[in-house]
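Novice: Each chain is listed here by its residues.
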Amino acid sequence: MSVYSVSNKYLDAYDPFWVCRLLSLKVGTAIILLFLLNGFVLKPQSPTMFMMITLIGTLASEVLPAPTRAKKVATFVGIVFLIASSMIIFQMFSYFRWGLFALVMAFSYLSLRFMVANPKAAAIPSLMIMFGIVSSSGGATDFTAAANSYLYFFAFGLAGVITILFFPDLTTNIFKSAFIRILESDVVNVGNKDYKNSNPGVLAALSVIHGRLSLLPDCYRILYEAIIQFQNDFMRSAGLNTEAQVLGRSVLSELIVAVQANVECPLNSVNAQRLKAINSAAYTMFANLVVGYNQCKA
Amino acid sequence: MQSLATRNRASQITMLIGVSFLFYQLTNWQHGIWVVISTTAVAAPFSTFLSVQKAQFRFLGTLIGLVITCAVEYYLKFNPSHFPVLGVIVGFLVGFMATKSYRHFIIMITLATCLGFSYMNMPYTSLTPVMFLVDRAMGVFVGVLIFLLMQRFVFGNGNSNLELNEESAETLGKLQKTLQEYVANPTLSSAYKCAADIAANTSALKSYIETAHQTLGTDNSAALQYAKKVALLNRRAVHLLIDEPTVVMHRIEQLLNVTTVKLARSSAITF
Numbered sequence: 001m002s003v004y005s006v007s008n009k010y011l012d013a014y015d016p017f018w019v020c021r022l023l024s025l026k027v028g029t030a031i032i033l034l035f036l037l038n039g040f041v042l043k044p045q046s047p048t049m050f051m052m053i054t055l056i057g058t059l060a061s062e063v064l065p066a067p068t069r070a071k072k073v074a075t076f077v078g079i080v081f082l083i084a085s086s087m088i089i090f091q092m093f094s095y096f097r098w099g100l101f102a103l104v105m106a107f108s109y110l111s112l113r114f115m116v117a118n119p120k121a122a123a124i125p126s127l128m129i130m131f132g133i134v135s136s137s138g139g140a141t142d143f144t145a146a147a148n149s150y151l152y153f154f155a156f157g158l159a160g161v162i163t164i165l166f167f168p169d170l171t172t173n174i175f176k177s178a179f180i181r182i183l184e185s186d187v188v189n190v191g192n193k194d195y196k197n198s199n200p201g202v203l204a205a206l207s208v209i210h211g212r213l214s215l216l217p218d219c220y221r222i223l224y225e226a227i228i229q230f231q232n233d234f235m236r237s238a239g240l241n242t243e244a245q246v247l248g249r250s251v252l253s254e255l256i257v258a259v260q261a262n263v264e265c266p267l268n269s270v271n272a273q274r275l276k277a278i279n280s281a282a283y284t285m286f287a288n289l290v291v292g293y294n295q296c297k298a
Numbered sequence: 001m002q003s004l005a006t007r008n009r010a011s012q013i014t015m016l017i018g019v020s021f022l023f024y025q026l027t028n029w030q031h032g033i034w035v036v037i038s039t040t041a042v043a044a045p046f047s048t049f050l051s052v053q054k055a056q057f058r059f060l061g062t063l064i065g066l067v068i069t070c071a072v073e074y075y076l077k078f079n080p081s082h083f084p085v086l087g088v089i090v091g092f093l094v095g096f097m098a099t100k101s102y103r104h105f106i107i108m109i110t111l112a113t114c115l116g117f118s119y120m121n122m123p124y125t126s127l128t129p130v131m132f133l134v135d136r137a138m139g140v141f142v143g144v145l146i147f148l149l150m151q152r153f154v155f156g157n158g159n160s161n162l163e164l165n166e167e168s169a170e171t172l173g174k175l176q177k178t179l180q181e182y183v184a185n186p187t188l189s190s191a192y193k194c195a196a197d198i199a200a201n202t203s204a205l206k207s208y209i210e211t212a213h214q215t216l217g218t219d220n221s222a223a224l225q226y227a228k229k230v231a232l233l234n235r236r237a238v239h240l241l242i243d244e245p246t247v248v249m250h251r252i253e254q255l256l257n258v259t260t261v262k263l264a265r266s267s268a269i270t271f
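Taken in sequence, the protein lines are chains A and B. Going letter by letter, the first sequence gives residues 1 to 298 in this note's numbering. Going letter by letter, the second sequence gives residues 1 to 271 in this note's numbering.
Just so you know, these hints were derived from the structure itself, not from any lab. The reader is advised that the hints may include incorrect statements.
Simulated crosslink set (BS3-like; lysine-lysine; CA at most 27 Å straight-line) [claimed, not checked]:
(1) Lys229/B x Lys174/B
(2) Lys196/A x Lys77/B
(3) Lys196/A x Lys228/B
(4) Lys177/B x Lys206/B
(5) Lys206/B x Lys196/A
(6) Lys100/B x Lys262/B
(7) Lys229/B x Lys177/B
(8) Lys229/B x Lys196/A
(9) Lys174/B x Lys100/B
(10) Lys174/B x Lys228/B
(11) Lys100/B x Lys9/A
(12) Lys174/B x Lys206/B
(13) Lys100/B x Lys77/B
(14) Lys177/B x Lys228/B
(15) Lys100/B x Lys71/A
(16) Lys43/A x Lys100/B
(17) Lys177/B x Lys196/A
Covered by chain A, according to a simulated footprint, are these stretches of chain B (three or more residues, beta-carbon under 8 Å) [claimed, not checked]:
(18) 11 to 17
(19) 20 to 34
(20) 72 to 83
(21) 93 to 107
(22) 221 to 231
Glycine included, each C-beta is placed from N, C-alpha and C at the ideal position.
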């Protein structure tokens, strides 16, 4: 069991949909490149700022919706450019004590007034203001230092662009992780007459899956439809006797193991065949789900 | 176009940044820049409700982060060659925490910032790193204090209530749109998609309601009661869409009518 396998019993409780693990891998990759760049190619006096902004851009390229790599790179370049420009503007005014105060007020008001369409879009202007103010504390205005900053941003930014371009697409892990969360909830709730599909965990997992469908091959859309059909039919069927419930839990657990191992789920297992023998309707519901999953493995 | 509450908040945050920047300039404190950074970071979520919660997390997270940094710096004092490996580990952890929990994220950011400023490409001196930790701690605590004092005694609750009303109206608008989408295409798949959308669209309003006691205190304002009613309406919509054996169309249409009427009323009140 690796930390970065689809399912990890320690991390699943904290990161149920694999999103944190994906961001961690991406930022980790970028930071290794940045350290190498700092160690062997460049050596600015204070590289932390350049590294931080590159990491913020890398994070944002993954968090903000962007369906293609080109759009992710565009997001990254846009964010790094905005923050870098703010820093350089503030550096230019750092010589003037009250001029700098006026700039801080004007820049803050204008960026918050015209770049924040709603409270959810306030992160970028806030970062621009914050890093701008940090850069103003560097001492008197120095044009050479400001020009050098742009070059350092460009060089460190390359590490971010390389990470975005060559980092593998792990969206399927997010899909599978959310699928496993739904199945785990189902294993616990098979036969529970009070079970509701509006269970927050299941609803959140369905929302995560639906949000990633546009980034995945078409077979995942078919699997999504199969999951919904299964939730609607199997999880609400009141006619399951005790034996069918036990078998239902067993076959769902087998499916979880198959998803975790990234292999096809067999429909000819002993438990599946016994379920078919005692309740063919329940078996058909389960089989439709497994067929949907196996299509993505073919 | 910005709403009234967002416009007011932009002015409030500008004032907050201005006051903390003046504090930094007038005190001539060399590391006073941390005061301005902290007030800007705390105000960054823009919403008053989330900012107050973030201020508490930043205070606590910085404190824990500084204790961990002290331990790591003590370790690095005797093993300076381990810095790159530790740096990469911290980088992985920052990425992991970034979207999950602000409290944990700020612990890692404190560690990363302090280590970065103390060691990276700088000659090591025995006292500088520890002094940097003390400066950062003081800066963050003063910054958070300025934010909390101004929020409580200068800005007050007026804009918070307006913000809550606007969020309620926005959530209602989204509910209306989602229900209309379902009525136009009443399939099983669409019912689940709409239910998941409604749950996701209500998350901001829910977080405002959950943190309202920190901002509004015991003041159970009309805006808060209205927000709770809107959240309840959304829960009912999810229940009707996916919890019943079959979706009863006339009940969905009834709910859509109620939403439309409430939305018209809230628009008349808010704007």
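Novice: What hint numbers does the structure not satisfy?
Specialist: Violated hints: 2, 6, 13, 16, 20 and 22; rest satisfied.
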